[in-house]
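Sequences are here, hints too, so could you generate the full structure?
Protein chains: 2
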Amino acid sequence: MADFDLLKELIVPGTSKIVLLVMDGLGGIPREPNGPTELEQARTPHLDRLASEGSLGLIVPVRPGITPGSGPAHLALFGYDPVTHQIGRGVLESLGIGFDLQPGDVAARGNFCTVDDEGRIVDRRAGRIPTEKSVTLCDKLRAIALPGVEVFVESVKDYRFCLILRGEGLDSRIEDTDPQRKAAPLPARAIVPEAEPTAALINEWIGKAREILKNERPANMLTLRGVASDPGLPRFPDVYGLRSACVAVYPMYRGVSRLVGMDVIEFDGESPADEFETVKSFWDTYDFFFVHVKPTDSRGEDGDFEGKAKVIESVDAALPGLLALKPDVLIVTGDHSTPSVLKVHSWHPVPLLLWAPGMTRRDAAHSFGETECLKGSLGIFAATDLMPLALAHAGRLQKFGA
Amino acid sequence: MADFDLLKELIVPGTSKIVLLVMDGLGGIPREPNGPTELEQARTPHLDRLASEGSLGLIVPVRPGITPGSGPAHLALFGYDPVTHQIGRGVLESLGIGFDLQPGDVAARGNFCTVDDEGRIVDRRAGRIPTEKSVTLCDKLRAIALPGVEVFVESVKDYRFCLILRGEGLDSRIEDTDPQRKAAPLPARAIVPEAEPTAALINEWIGKAREILKNERPANMLTLRGVASDPGLPRFPDVYGLRSACVAVYPMYRGVSRLVGMDVIEFDGESPADEFETVKSFWDTYDFFFVHVKPTDSRGEDGDFEGKAKVIESVDAALPGLLALKPDVLIVTGDHSTPSVLKVHSWHPVPLLLWAPGMTRRDAAHSFGETECLKGSLGIFAATDLMPLALAHAGRLQKFGA
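In order, the protein sequences belong to chains A and B.
Sequential numbering from 435 applies to the first sequence in the working numbering.
Sequential numbering from 435 applies to the second sequence in the working numbering.
In short, the hints are calculated from the structure, not lab data.
You may find that some hints are simply not true.
Where chains are identical, the list cannot tell them apart; a pair therefore holds if satisfied intra-copy or between any two copies.
[As the list claims (entries may be wrong)] Once the Cα atoms are required to be at most 30 Å apart in a straight line, the calculated DSS-like pairs of lysine-lysine come out as:
1) 442 / 616
2) 591 / 442
3) 591 / 574
4) 777 / 642
5) 777 / 574
Here it is, written out as structure tokens:
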């Protein structure tokens, strides 16, 4: 984990600009022994030029051998040890939709689902009902009141929503109600005695929700998962002395950025070019931009090797728009690997490119890819060490000791 | 150290098979500047093919610059930080001969020695008396009774034996009695006051043993070293969710395996081929096999460069027998380096080959050797991180966090 106390003593103000461009699930493995990965196959002239001019390396997201989810992987990139700081999905999802989560709030991620006449779940996603339908259902659920707490029900996307309770003495240590099989949803169960009253409130809410939904089709029931509270992390802008902004399309990544105290920018469009245009619009307002590209991960999870390579190519093609802003430090990496041959996240270290004109050594690497990164001057290192390196290359850390 | 708590949450059951093949003291250094090491000189077509297909790296056994003994080096391979978990030789030796050491037992390694008329040690190994002689002497020593404790005397090999005390309130924090020079054996001295009663018992035993041995030749006295108790380590099969077996010839390695809760397989023969045949016989019974090859280390300690290379070649030649079993993950490495030019263990990182079809990236390495390992995609890493990597490549860890 980045040593926040040490950094605090060393950070100096500056006007330099840092861009952290994250292609989700960027790392891959070859389709056949000794073949190229998706990144190595992609034609990326701009990234290759940056690789030749800058420094390469590989980052280990959490620990060797550990495959991270998106939340932990991003926390690590931001310098927070994700093993120490475990954040529940309810928190990430609520923050992701822009809900103003307060300390002490208890948030759960909800799924609308379909149950049969015996109450057993037959479709965990209620036929993936459209977002508009979910919005209507959430409106109805807002009628439910609970004693002594405020209740918020917010639609997310498709069949997903958030339930947030606000009040004194709530405790989020409560198990998921999704049985993960064809069975009735479980009651909310407290993991520790202190969470019993909160569990009771949630069960009262579920009971009333069941009544409201019972005649709906196909979304006639719901499950709750990832019950959690904001852990109150040290704020990223304070820790690093950077006015910091998130440019991301997906709620999850906006959520984790808000959790660490970044401003989350609203913008139209969702292509890399749209994102880079957004960075341009706010160039003077912030010192640090986290730009998130999702489809690399999505194509990886689809098992679409060529598709993932094409997404990388589309980012490369849009890159001149970002480079025209002349960032002092540009980092291009992923939060984790999603090899399309595995169709899931993996533990493999993630290729990293750090470009900072006049500030880096040459290395033997001349294009951006996993194998070239092994020749990089940055070596293989923990993702949580990335932000100090970014600050250093941006001239924002003074000497430690005399 | 591997994060056992984290792993516990992530381990999923599986049918995959992991083989950890350890050539003791595998790492070497060249005889002349820029020459090959023993491993690089050895003709190893099978290992080279695996290297080309798999991933290479180097492991640091304990800490940079620290030369480990065999016990700590193996604990590290198994994921236990050997600095945190220091195990006395008495424990390792007792476990190694199959003695059923219990929690609370105090075990010491004994050496028969020769003393002159003034009681000074003139041969620390009593002319390396044969094992049969040692067995006879141990039988005689079993006649010694001590108040309030059970006493076990077990022969090991040649001039070596184990003394084990069993009873309430014993404390193993006691110094060695070997003076390491031409002098009389030292009395057993307690390092902490709590160990005074145990030291007194041991000294009573030594006094009676002196009487029994005084007319023997050449083994007319003994010394005790490495007084220790089983530290009660977390059990390897539980920590990693693997039914785990040790296939090793030497007591020491069987001992450390038993210490962490592996099953120790009895088998005939002692060649690599015999060991691989044993793995085959138990292939369905276990998920993890630790296979230990000793002579690489022995030839290294002899200063026999060619001999060490030949041992490596003999392992390579037998390897098809192991590969025919189609392990999902095969790791080939050493516990530490024993460069034959140094004739002792050393601190140099140990070459590592991880072969897991379809799960690894290409790297620029195409044969198995120290220099090629520098090009490997696994980099240089702590030995204690090996087991999580093995589990990951075997598909036995689920994603951490959402």
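Numbered hints the structure breaks, given as an ascending list: 2, 4 and 5
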